[in-house]
Structure formats: structure tokens, C-alpha cells
Amino acid sequence: MLPLLASGADAAATPAWAMLAYLASGVLFILALRGLSSPQTSRAGNRYGMIGMLIAVVTTLVTHSIATLPEIGIAILLGGIIGFTIARRIAMTDMPQLVAAFHSLVGLAAVLVALAAFLDPGAFGIVDAAGQILLVSRVELALGAAIGAITFSGSVIAFAKLNGNMSGTPILLPARHIINLGTLAAILGLTALYAVSPMGGAGEGWMFWAILAAAFIIGFLLIIPIGGADMPVVVSMLNSYSGWAAAAMGFTLGNTAMIITGALVGASGAILSYIMCKAMNRSFISVIAGGFGAEAASTDGAPREQRPYKQGSAADAAFMLEQAERVIIIPGYGMAVAQAQHVLREMADVLKEKGVEVKYAIHPVAGRMPGHMNVLLAEANVPYDEVFELEDINSEFAQADVAFIIGANDVVNPAAKTDKTSPIYGMPVFDVDKAKQVFFIKRSMGGAGYAGVDNEVFYMDQTMMLLSDAKKMVEEIVKNLD
Amino acid sequence: MDFISILSIFVMACFVGYYVVWSVTPALHTPLMAVTNAISSVIIVGALIASAEAGSMVAKWLGLAGVVLASINIFGGFAVTERMLAMYKKKEKK
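Read top to bottom, the protein sequences are chains A and B. Counting in the numbering used here, the final residue of the first sequence is number 482, and the numbers go up one at a time with none missing. Counting in the numbering used here, the final residue of the second sequence is number 576, and the numbers go up one at a time with none missing.
Excised from the complex, chain A in its bound form (with noise of 0.2 Å):
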């Protein structure tokens, strides 16, 4: 083997039981995504993933001297409590802002084992004869260390965009694309000064803080400029950059778990991004570019041509669902935030005992992350197979009596299909001019969908809209089915 390319593992001597317990370990994380093909066998890849933790830490602990297992104790006590609360207490609606912050204690703690390496590299196998890191080595760590601190960074963005602390509006710096492309060549360049410098003992080398100080100024600056509307690919894209994070420190310490858990949820991640750039139709670099909805924003305060539509009553809505054979319902996050997914149900439970078939159909950005609708609706107890992708259900619309759209707007916005002026075009819609019926629950006429364009579908002969808060008209309309 090339000294150049001799890994710093194999003077930590792991014993041969150990990598294959890592090994393990690794093709239970696997198995635990796996089990997510279907909801029948998803929790049983849950306990895998459980299991697959387990024996990685265990065998951490049991082959490394270990001077400080009380403290140690104390850290996953105490870390287990914070977490096992918040995940006991968190509200289903505020899955992406955990996500987030849970990304960014991923990327923290990155940031934190490479800092540890890098003082104590001796502990971590990674130094040569002359106590200095290993090249290899110091490469890994520095990418480490700098995807940690993007991560993080950017992930504590992200969560303040999504919890409100932090206006979802983009914030764009002048020349921010020349800032960025610098700092990120930066990072590049003092990572390859640092491999080559001769300064390259414990704690040496002032590139090393000089990466990790540029790292954590990009993840802000990386995320500061994108809207709202794209934070479901910014939350997809830092849970792919916690995969490449770990995977890194993996290299540094030769860790087989790591190594495939890295490439697992980088991948995951990715993908994700990838789904949700599709199903908005905005290519990756337009998302990273930022600045969407900024221009929607303002002009929202134009006046908009008045258009005569019709307005109906609950009333109205339950008598002709009470008539309709096949309804479709549309939930768009306008529902989650009125909380009327549960007085749904039992609007669709009521139409089910009177015989009428009810479908969900969910769009891929209906929520605020890739599949947020889906638990959403789950948690207000809708059987699963119930609820359709976008794809599956598209071609039932024309056989469909009446589409019953709450709290959605873009995803059904025929401007998609037809204006090429629009922010929409080219983004998959739901067919809701194919229904015989369309009813729409939107809290008034003013204002917009999130990417503020105004929607053909209000205006349409087979459209009633019915305006009201989104939960109280579900409400109204059940009464009115008793």
C-alpha cells in the first residue's frame, strides 16, 4: 500500500470481531430503511435501526479503554432525556423544524469528533511515525469538519425559516453568488494547504480553524436567500450534507458503520431534494441560486382584477356530497394550519357510511417536507390506503363527482400546465378541471397561494368556492350530513 494512502485505522488495531459488529451494524441501518417500502414492514426496520445503534456503540465501548464511562453514562442519559421528550412532545405539524434542528446537532456533533480528532489525533489512530496526521487523514478531517459546520449552520437557518423566527422571505445579499463560489473555493484551497503543510501535528495548523470558521459562514449564507416555498428541498438537501458529514469522519476512523450510514442518508437526501425539485419543477442550482418568492411578494399588493365566481354554503357542499359517488380530497398544508384534518376524517367517514367512495390525494410539496401530508392525515387516523400520490390519482379526476380541495391552491392551479409567464409552469397539478364538481375551502378571495399567482380553478362554471376558515366549514358541512 501507498504511505500516501495508508488510513489511520490500522494503527488502532480493531479487532477482526469488531469491524464485522460494524459491519452489522451498518447492513442493519439498511434494513431499517428498507422496511420504510411499505407501512406493514416499516416498524419492525425502525427496531433494526435501533438494534444496528446498539451494537455500534457497544462495540465502541468495549474496544476502546475507556477512562470515563461515568461521563459517558451521563452524556447519553442526559442527551437520551432531551430527546425522548422533545420526540414524545413535538407536534406532528412541526415535524420539518425538528428535523432541522435535529440536522443540525447531527452536523455539531461532526463539527465536534473531527475538532477532537484534530487535538487528539493520537487517540484516533490517524498519526504517522512522526506524530504528524496522516494526509489522508487531515483531507477527511477537514471535509468533515467543514460539511459539519455547513450543516449546522445552515440547518439553524432552515429551522428558524420554518419555526418563525425568521421571515421566510429571502434575503438577498449583492454579489451573494460571488461570495459564495469564493468561500466555498476557499474551503478547497486551505483543505489542500493544510494536507501538504508541514504544520500538520496535534492542534497544528491554522488553515484547519480557518475552514471551520468559512464553513459555518457559508451554511448561513447558503440558506439566508432561499424563500419559503423551497425549504422542503433545503431540509432534504442538509439531511443529505449530515450523511456526507458522517461519512466523512467514517474515512477518519475506518468505521464501516459510519461508512454506510453516511452514504445511506447522503443518498437519502439527495434523492429527496430531488423529488421535491421535480414535483415544484425547479431545477437544484434555481433552489441553491435562491431569491423565489421575492418577486411574488411584491406584487401581491397590485390589485387584482375582481372576477365573478360562485360562493356556496356548507349546506350546499354536503347535499352534493351526499349525491356524489366518487369524491377526491385534496388536503394542502392550509389544512394542517386550520387543524381540520381530524374533523375531516369524520366528514370522509360520514360520506363512507352513506356509500360514497373517498379518496386522498396528495401532492409531493402538500406539506412542509417530503411526505409531511401523509403523516399529517395518518395522525388524524385516515387509513393509508386511502391516500394517493399524485401520479396514481391524476387519471381518476375525470370520473371523479366532485374534488373537494382544502387548504391547497398551487397544486391545482391550471397556470401550471397553460401560462408560460407563470412561477408555476411546468410544475405537476392535480386535473381538477376534470371533476364534475369542484369545491374549494379558502378563508376569503384575497390572497394567494404561496408562490402568489392567482388560480384559473376559482373561476371555473363547476366551482364552488366556499369561503370560511377551513376547519369550521368541515364542521358546518358535517352537521349538515347528519
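Treat the hints as calculated values from the structure; they're not laboratory data. Treat the hints loosely; a few may be bogus.
Computed list of lysine-lysine pairs in DSSO-like fashion (alpha-carbon distance at most 30 Å, straight line) [unchecked claim]: (1) A:Lys359 - B:Lys571; (2) B:Lys571 - A:Lys278; (3) A:Lys436 - A:Lys472; (4) A:Lys354 - B:Lys571; (5) B:Lys572 - A:Lys359; (6) A:Lys479 - B:Lys571; (7) A:Lys359 - A:Lys436; (8) A:Lys352 - B:Lys571; (9) A:Lys434 - A:Lys417; (10) A:Lys472 - B:Lys573; (11) A:Lys434 - A:Lys310; (12) B:Lys572 - A:Lys436; (13) A:Lys434 - A:Lys472; (14) A:Lys471 - B:Lys573; (15) B:Lys573 - A:Lys352; (16) A:Lys479 - B:Lys573; (17) A:Lys354 - B:Lys572; (18) A:Lys472 - B:Lys571; (19) A:Lys436 - B:Lys573; (20) B:Lys573 - A:Lys354; (21) A:Lys471 - A:Lys434; (22) A:Lys434 - B:Lys572; (23) B:Lys572 - A:Lys479.
Here chain B is said to cover these stretches of chain A; the calculated rule only asks that three of the stretch's residues, wherever they fall, bring their Cβ under 8 Å from a Cβ of chain B [what the hints assert, rightly or not]: (24) 53-61; (25) 88-100; (26) 118-127; (27) 230-243; (28) 267-275; (29) 358-370; (30) 383-391.
Simulated coverage check for chain B against chain A, where a stretch passes if three residues somewhere in it have a Cβ under 8 Å from a Cβ of chain A [stated by the list, open to error]: (31) 498-507; (32) 511-517; (33) 521-533; (34) 538-551; (35) 554-566.
All C-beta atoms in this analysis are idealised placements derived from N, C-alpha and C, irrespective of residue type, glycine included.
Add chain B to chain A, keeping to what the hints say.
Frame of chain A, contents of chain B only:
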């Protein structure tokens, strides 16, 4: 393990990840994110090593801090995933 072996595992794992994640049903994408969050905290292994071998006091405390953060994620991530998955139910047969 030498760098090339590690790299081989990494590249293979990327492919495994690609195919496994595409097979995840879109309805479970949120639990997918929560559980990937939990498993990426396997970085706790690094934090444990740093805190276990008290070669440097600073490294030890950095490691312990890392253990706390990763534990929040591990317990929180798996628990919240479990909570979500428990909500997914099939239609009751009548």
C-alpha cells in the same frame, strides 16, 4: 483497513442507498428523514472514542459534548419515527 477498501465500501454503499431509498414509498418520506437523522448519529462512535481516551482534556470534553448531541438525535430520531409509524393504519375491514 486501508483507504482503498474503505472507499470501495463507501462507493458500494452509495449504490445500495440509491436503490433502497428509491424503493421507499412516498407516504413514508417524513419517517425516512427522521430515521436517517437517527442513524446518521452513528457519528457518536467518533465522539465516544474522543471522550474515552483521555489523551487531551479538551478532546475529552468535545467528545462528551458530541455524545450528548448525538444521543439527543438517536433517542429523539428513533422515538419520533416510531411515533409516526405507529399512526399509519390500514382500512378496518368490516
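Going down the list of hints, with the structure as the test:
no., hint, verdict
1, A:Lys359 - B:Lys571, "holds (15 Å)"
2, B:Lys571 - A:Lys278, "holds (29 Å)"
3, A:Lys436 - A:Lys472, "holds (25 Å)"
4, A:Lys354 - B:Lys571, "holds (22 Å)"
5, B:Lys572 - A:Lys359, "holds (13 Å)"
6, A:Lys479 - B:Lys571, "holds (26 Å)"
7, A:Lys359 - A:Lys436, "holds (16 Å)"
8, A:Lys352 - B:Lys571, "holds (17 Å)"
9, A:Lys434 - A:Lys417, "holds (14 Å)"
10, A:Lys472 - B:Lys573, "holds (26 Å)"
11, A:Lys434 - A:Lys310, "holds (18 Å)"
12, B:Lys572 - A:Lys436, "holds (29 Å)"
13, A:Lys434 - A:Lys472, "holds (27 Å)"
14, A:Lys471 - B:Lys573, "holds (24 Å)"
15, B:Lys573 - A:Lys352, "holds (12 Å)"
16, A:Lys479 - B:Lys573, "holds (24 Å)"
17, A:Lys354 - B:Lys572, "holds (20 Å)"
18, A:Lys472 - B:Lys571, "holds (26 Å)"
19, A:Lys436 - B:Lys573, "holds (27 Å)"
20, B:Lys573 - A:Lys354, "holds (17 Å)"
21, A:Lys471 - A:Lys434, "holds (26 Å)"
22, A:Lys434 - B:Lys572, "holds (29 Å)"
23, B:Lys572 - A:Lys479, "holds (27 Å)"
24, 53-61, "holds (count 5)"
25, 88-100, "holds (count 6)"
26, 118-127, "holds (count 5)"
27, 230-243, "holds (count 5)"
28, 267-275, "holds (count 6)"
29, 358-370, "holds (count 5)"
30, 383-391, "holds (count 6)"
31, 498-507, "holds (count 9)"
32, 511-517, "holds (count 7)"
33, 521-533, "holds (count 13)"
34, 538-551, "holds (count 12)"
35, 554-566, "holds (count 13)"
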